[in-house]
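J.: Sequence:
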Amino acid sequence: KTKLTVTPARVSWLVGLSHPLAEEYHSDSFAIKDCEPVHLRLETLDGSCRLSVQAPEGVEQDMQVKLFVGKGWRKKAFRTWDGDSASITEDFATDLTHRNSILCGVIFKAKVARQV
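Quick note on this note's numbering: the sequence shown kicks off at 17 and runs consecutively.
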């Protein structure tokens, strides 16, 4: 089961994982300010994973974001998403092999996200 929850400062995505694991999973779409459709992409790697937030043409202005997979997000620092870039990506040492689901997402320093 997969569920996307959007609040102005955070997008949480509970990803239901299939076995064998797919190479990548995509969330439903959401918006960041006037930019839509935006989605999360989770890639499965050998013993780890990669999460990205992808916007069609960038987000118009730089913003502070923190990507997370699992419970380790408090240890991550906010990063600047260059407004001209169509995505921001981060690797995580989280093995998805024996999981049925994983919670991941993005936290915004400003309240910019909304449901579409």
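Just so you know, the hints here were simulated from the structure itself, not pulled from any lab data.
Every residue gets a Cβ at the ideal spot worked out from N, C-alpha and C, and that includes glycine.
The reader is advised that the hints may include incorrect statements.
Have a look at the derived ranges for each label pair, beta carbon to beta carbon [as the list claims (entries may be wrong)]:
| id | residue 1 | residue 2 | range |
| --- | --- | --- | --- |
| 1 | Q77 | K17 | 30 to 36 angstroms |
| 2 | K19 | D78 | 25 to 31 angstroms |
| 3 | D100 | T18 | 28 to 34 angstroms |
| 4 | D78 | P36 | 35 to 41 angstroms |
Distance condition first, Cα-Cα at most 27 angstroms in a straight line; then the derived DSS-like pairs of lysine-lysine [as the list claims (entries may be wrong)]:
| id | residue 1 | residue 2 |
| --- | --- | --- |
| 5 | K19 | K92 |
| 6 | K91 | K127 |
| 7 | K19 | K82 |
| 8 | K92 | K125 |
| 9 | K82 | K49 |
| 10 | K87 | K125 |
| 11 | K49 | K127 |
J.: Please go over all the hints and tell whether each is borne out by the structure.
T.: We went through each hint and held it up to the structure:
| no. | hint | verdict |
| --- | --- | --- |
| 1 | Q77 <-> K17: 30 to 36 angstroms | holds, 35 angstroms |
| 2 | K19 <-> D78: 25 to 31 angstroms | holds, 29 angstroms |
| 3 | D100 <-> T18: 28 to 34 angstroms | holds, 30 angstroms |
| 4 | D78 <-> P36: 35 to 41 angstroms | holds, 39 angstroms |
| 5 | K19 <-> K92 | holds, 23 angstroms |
| 6 | K91 <-> K127 | holds, 21 angstroms |
| 7 | K19 <-> K82 | holds, 19 angstroms |
| 8 | K92 <-> K125 | holds, 13 angstroms |
| 9 | K82 <-> K49 | holds, 17 angstroms |
| 10 | K87 <-> K125 | holds, 19 angstroms |
| 11 | K49 <-> K127 | holds, 9 angstroms |
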